[in-house]
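Protein sequence lines, in the order shown, are assigned to chains A and B.
Its first residue numbered 0, the first sequence is counted upward by one per residue in numbering that gives the first Met the number 0.
Its first residue numbered 0, the second sequence is counted upward by one per residue in numbering that gives the first Met the number 0.
Worth double-checking, as some hints may not be accurate.
No farther apart than 30 Å at their CA atoms in a straight line, the calculated lysine-lysine pairs in the BS3-like style are these [unchecked claim]:
| no. | chain 1 | residue 1 | chain 2 | residue 2 |
| --- | --- | --- | --- | --- |
| 1 | B | Lys117 | B | Lys45 |
| 2 | B | Lys45 | B | Lys88 |
| 3 | B | Lys142 | A | Lys45 |
| 4 | B | Lys88 | B | Lys117 |
| 5 | B | Lys132 | B | Lys117 |
| 6 | B | Lys142 | B | Lys117 |
| 7 | A | Lys45 | A | Lys64 |
| 8 | B | Lys132 | A | Lys64 |
| 9 | B | Lys142 | A | Lys64 |
| 10 | A | Lys17 | B | Lys45 |
| 11 | B | Lys117 | B | Lys79 |
| 12 | B | Lys142 | B | Lys132 |
| 13 | B | Lys79 | B | Lys45 |
| 14 | B | Lys142 | A | Lys17 |
| 15 | A | Lys45 | B | Lys88 |
| 16 | B | Lys132 | A | Lys45 |
Just so you know, the hints here were simulated from the structure itself, not pulled from any lab data.
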Amino acid sequence: MATDPEAIDAAFFDELRKYYSEEEIVELGVFIGFNLGYHTFFGTLKFYPLFSPDGRLLTQAESEKIYGPAPGSLKAAEPSR
Amino acid sequence: MTYVAPLPREAITDPEMRDLIAQSEALGVPDELFARILARAPEQAKPFMRALLMSHAEGNVDHRLKEIIRIQLARFAGDKYFAALRSRKARQMGLNEERIEAGCGDYEDSDLFTAAEKSALRYADQMYLDPTKIDAAFYAELKMHFTEPQIMELGAFIAFHYGMQMFMRALGAAAPGSAR
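Chain A extracted, bound-state conformation (with noise of 0.2 Å):
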């Protein structure tokens, strides 16, 4: 959905269909919608993890040296158009 949203057609919803139910299938689509929608304007809000990997407590100052100058939802957006 997020980086190839073309390649998402009947027969890719057919192989879902294997392993999900309608109403589950719409569960997972609409999150992932929300998530692609809002990660990304989390990121330019420059907002961090809130824990480190072993689920240490973080500052943003102390998340931003762990995970980087540039948050990872930054990277990967890809316009569709």
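Given the coordinates of chain A, assemble chain B onto it according to the supplied hints.
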């Protein structure tokens, strides 16, 4: 037909969901197709519908500006369904197709928009085109025209609607009244 078929309208019996569908039909965005697909996941459907309607039609940012941004984003997402819908409220407030096309096109050189409106259109345009450009300087420019609550309202609106547009594109939703 979308890859996930919408529930028949008569199968939706929850009073709140029926009320949300009536609200969306009154506004014109989304129309009942989106709501009837969402209704297949009833626990998800109501909060998503409430948030979608509230983020678009309420708040402290001009609804007409948000309507232009919503259409700009839908075209960017390649979503024919949401791109074809129009807010009746925005139309009643004076928004016309000329202004929508200008906002979705070369708005930077248009004299139809104020500097504030251009900065909001740029915010949406760049969010999914090149979000690395939305940096501290970009937010400083936005703050010249909008309060921080308004910027959060705009950003959340952009993120939420773009996400739902990508979902509808993935479902193969066509423009209302047209064949896919």
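We went through each hint and held it up to the structure:
| no. | hint | in the structure |
| --- | --- | --- |
| 1 | Lys117/B - Lys45/B | violated, 33 Å |
| 2 | Lys45/B - Lys88/B | holds, 22 Å |
| 3 | Lys142/B - Lys45/A | holds, 16 Å |
| 4 | Lys88/B - Lys117/B | holds, 22 Å |
| 5 | Lys132/B - Lys117/B | holds, 15 Å |
| 6 | Lys142/B - Lys117/B | holds, 13 Å |
| 7 | Lys45/A - Lys64/A | holds, 13 Å |
| 8 | Lys132/B - Lys64/A | holds, 21 Å |
| 9 | Lys142/B - Lys64/A | holds, 27 Å |
| 10 | Lys17/A - Lys45/B | holds, 27 Å |
| 11 | Lys117/B - Lys79/B | holds, 24 Å |
| 12 | Lys142/B - Lys132/B | holds, 16 Å |
| 13 | Lys79/B - Lys45/B | holds, 24 Å |
| 14 | Lys142/B - Lys17/A | violated, 49 Å |
| 15 | Lys45/A - Lys88/B | violated, 34 Å |
| 16 | Lys132/B - Lys45/A | holds, 12 Å |
The structure fails hints 1, 14, 15 (numbered hints given earlier, in ascending order).
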